[in-house]
Amino acid sequence: MKLAAIDIGSNSIKLIVVEAAASDSFAVLAREKEVVRLGHDTLREGHLSAGAIERAADTIKRFRSMAEGRGAERVIAIATASVREARNAAEFISEVERSAGVRVEVLSGVEEARLIGIAASHGCSPARGASLVNIDIGGGSTEISLMREGQPVELFSVKLGAVGLTEVYVASDPPKPKELRALREEVRAALERPAREMRGAHRCWRHATGTSGTIIALGEVLQLRAMRGVGGSEQGAQPSGAGVVFGQLERLNEKLSGMCVDERRTVPGISAQRSEIIVAGGQILEGAMRALDINYLRTCDYALREGVVIDALRELEAEALPPMPGDSDPRLRGVHAVGRRFGYEEAHARQVARLAEQIFDALAEDFGLTRQHRMLLAAAALLHDAGYHIAHDRHHKHALYLIRNSELTGFSEAERDVIANVARYHRGAPPKERHTEFAALNEHDRLTVSRLGAILRVADAFDRSHDSRVQRLRLAREGEAVHIQLLAAHDCEREIFAAEQKRDLFEQVFDCRLDFERLEARG
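The sequence shown begins at 2 in this note's numbering and counts up one residue at a time.
Treat the hints with caution; some may be incorrect.
[As the list claims (entries may be wrong)] 27 Å max Cα-Cα, derived BS3-like pairs, lysine-lysine:
#1 Lys177 with Lys62
#2 Lys160 with Lys3
#3 Lys34 with Lys3
#4 Lys398 with Lys177
#5 Lys62 with Lys179
#6 Lys160 with Lys177
#7 Lys179 with Lys160
#8 Lys34 with Lys179
#9 Lys62 with Lys3
#10 Lys62 with Lys34
#11 Lys398 with Lys433
To be clear, the hints were calculated from the coordinates, so they are not data collected in a lab.
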């Protein structure tokens, strides 16, 4: 299969066309890049100008034609900070679809970090499965991805971009000392939380990599300077190949900060377009390496567009696997394919879905719940932990994003939004009107989410040990009380305690008092 990815960035739009052999193997048929400066002024003003939208749409239309000319069967277009931060992002998406025939997906910062991390792990890790931290500096944001065995451990996106910081802080040519001080302080403050959370002993990594144009350009400049003997052979000299040594970067940044734009254009390795934003980009990289205590990072030419390709190929591969036993409904087979894509824990997902359906069946008649509601609950139960694919912290919120942006075959967009919200509320705060995605639902769907989410919370608690120890459930209604008996051969104290902590929403939406007991399962 041939497919293409278009990366709509703040400074440039990039295209890659590939022919796939497998999820871990593809041949690049074409790469293209066009500098459109979509983020210039946009990142400061939060609005995409008509001219910027037109330039981007024309480029995307041309790239689509090139991709189809190379035989691409699918064109995936994604947008990052410049569109993400724009108040008129919907106008941009509509115009590109109208004029170029391409539907654009706007990535969250965390999803952008996930895809870049996948690319870095795939294309840049010295040893398959090695842990690494990757830094990617774009025009409007910087993404930091901590990966272990190809999977994300921590993902961060901070509003530090080479274009955005240049517009805000670099008004003079060359920059004044006070401008540089303000820029460095902004970088330091923005990186404080990611550095604190990633530098713990349990967040260690073996390798550091850097992706995208700014870091690659800085690596090339340092490599060319080393080849020419500029700066001497100081301690911590650069290893062979393109990369960035922290001490050398400090000295290069000092030199670049003292140059005007015309002088920077003459530096080997810095293009005319890059010369305008390289000072801010260099300061971001220096700040990130200092914050994360990185002495050397290897540059890598795999980045977001390659991550999009790898992710899409893995999804196709998962969908092509044979159906799971017992999944007679093709919609659930599609849900499992999405679960595989996100590395779900299948046994736990199936157990939670099974228990949730048992609770549902006992309540359905009294509350007018339908077979379609049952299907939505099953899908949400199977995918409720999908957010672990991004990070353990706030994984329920990550699940909401991942499910809403996944292809769930056989489900409408409205049904997919219900599934995503139900999965989101399997833990954490209950549904609230101030939660944007919940508030966007109609009144009927909000009620559905509240009811199914309440069931899922309790069902998830019943597999707290992740060992399927609860064999089945019995429910009985007695006045305002609902009694749930857990039939199990082994102790269920953890499960009952977890359910007691998560029963509030259930009691609220079903207007009951909920209690639990374990019954010995025999035979």
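Query raised in the report: Which of the stated hints cannot be reconciled with the structure, identified by number in ascending sequence?
Result: 1, 2, 4, 5 and 8
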